[in-house]
Amino acid sequence: MKRLLVVAGIAFLLVAPLLTSNAFFQHLMIMVLFWTLLGASWNLLGGFAGQVSFGHATFLGIGAYTTMLFYLSLQLSPWLGMLAGGVFGALFALPIGLICFRLRGPYFSLATLAVAEIARLVALNWEQLTAGPVGLLITTLPQVSIAGHAINWESKIPFCYLAAGLTLFAMGLTYAVSRSRLGAYLTAVREDIDSAEAIGIDTVRTRVIALALSAFVVGLAGSFYALYFRYIDPDAVFAISLSVEMVFIAVVGGLATTAGPIVGAIVLVTISEIFRDRFAAGHLIFYGLFMMLVIRYLPEGIWGRLRLLLRLTRG
Amino acid sequence: MALLKISALRKDFGGLRAVSDLSFELRKGEILGLIGPNGAGKTTVFNLITGFIPPTEGQVLLEGQSLIGLRPYAIVKKGIARTFQIVKPFRNLSVLENVTLATFLHEPSRSKAETKAMVTLRRVALAEKHAVNASDLTLGEQKRLEIARALATDPKILFLDEPMGGLNPTEVESACALVQRIRQDGITVILVEHHMKAIMAVSDRVIVLNYGVKIADGAPQDVVRNRDVISAYLGEQGP
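Line order of the protein sequences matches chains Z and L. Just so you know, the first sequence maps onto residues 1 to 315 in the working numbering. Just so you know, the second sequence maps onto residues 1 to 239 in the working numbering.
Here chain Z stands alone, though its shape is the one from the complex:
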């Protein structure tokens, strides 16, 4: 059953980009995958370890700027640039984690919010490096060919596959973590930090590892953002709204689940497009209302509730 879902999902990802030539629907699919990627990486720390970060845009921005700067200054290939985006995200996560994880619960969340704002202000004012509010622009992406076929960067289809690949990687990573000893330790940290320490778990190190993994994937997503939109500025990639949206995706889908973020992203991206279409300027009011209803009636998330129901019907 589970395996069937996974195979069906991958098959769908392979054919879906070819089903429509409508650029809007292709863009929508890319956005769903992009948000799944972000939700899944946030979930690694926020869901499994219960460490609610309101500052994950920090790592998205770092990933985006890393890729952009390496490409513009050194002509580094986008693939390597992407890897660099992830690695830089993870590297920055280490000191941030060591500082912020001295704090617990809401204090940690506030600290991450502050970190994201600091990152945004640095990017805004360090004009020699980031060009400040003007932002960075890539006019053309380099020729890249796979198996003899040159990739047409003007089409959205290569980005569909790229996003699909990254998302599968993030979900695979989430699954691997959930089955590992690290995953068990993260659960212990979420349930009770004092008890976790009392059974010999280095709770700071465990949380820093989770944050670094999470930041690596968010960094990759930031790189993807830079390549896909080809334009970034501090207010776009370090925005608080990005950080908060990641939380929504994970919460609506289901905290600490592998498939939750994909459900969250599909529902929220679709709903926000529909609301934008129906309610024009008032769409955020209805979006907020929807969030309130989900949190009130489905606290374990949509996928979380489905999984619970499946378990009940089975046994």
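Mixed in with the good hints there might be a few duds.
Residues on chain Z that point at chain L, a partial pick, calculated with CB under 10 Å [unchecked claim]:
| # | residue |
| --- | --- |
| 1 | Arg181 |
| 2 | Asp192 |
| 3 | Glu197 |
| 4 | Ile199 |
Rather than coming from a laboratory, the hints here were simulated on the basis of the structure. Where a beta carbon is used, it is the ideal one built from N, C-alpha and C, also for glycine.
The hints should help you fit chain L onto chain Z, whose structure is shown.
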């Protein structure tokens, strides 16, 4: 040589001296009771030794090695495990998972860790509840789960913070028997307890704290006759 040697341990919370120049030794294989009126600093002493609060001054030596400055997880690895006065189980996890997480400290394989965890659960008579959510246990069972989790880290010394608080008389009796069995398994035990009958029955030696100061240290039957101890608990005798 003493297994654990505490010397001149002091803790100030702002202007309040919670523990004052406390020195004592813990001998291998003994059961040491730590008693005193409410607010005497018993739990603070536990927190200082197990690394949850850094001491203002003083030294803690485990087999000659200093524990000062180590974080709690590192002290657990050295062989001191503890329970909490107010139980802190991993509420949304099963009883077995609670103990398995602690077994992971020395056993990386999940299946082997689970087998070992079941053995530990049998030691505290919780094996038949292994599939139950920790939050669904009674208080007595949760206290035993705390002990099981601490035992699963394979300690040399076990710190028990009020393992009998809130238990009914039958449960207190079986808790006393459990503490005795733990000692027979070669683990040194230090326990904070208000239940005087239990502490008298189970301890080899008793230390009494009052306002962070050690006022008595000796065999249980001698300590209860000590004038300082009586006045600490009951107040000074009138003229």
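Hints, verified against the model:
1. Hint status for Z/Arg181: holds, given a least beta-carbon distance of 6 Å to chain L, under 10 Å.
2. Restraint check, Z/Asp192 versus chain L: the minimum CB separation of about 5 Å is within 10 Å; hint holds.
3. Look at Z/Glu197: its Cβ gets to within about 4 Å of chain L, closer than 10 Å, so that hint holds up.
4. Because the beta carbon of Z/Ile199 sits about 4 Å from the nearest beta carbon in chain L, less than 10 Å, this interface hint is met.
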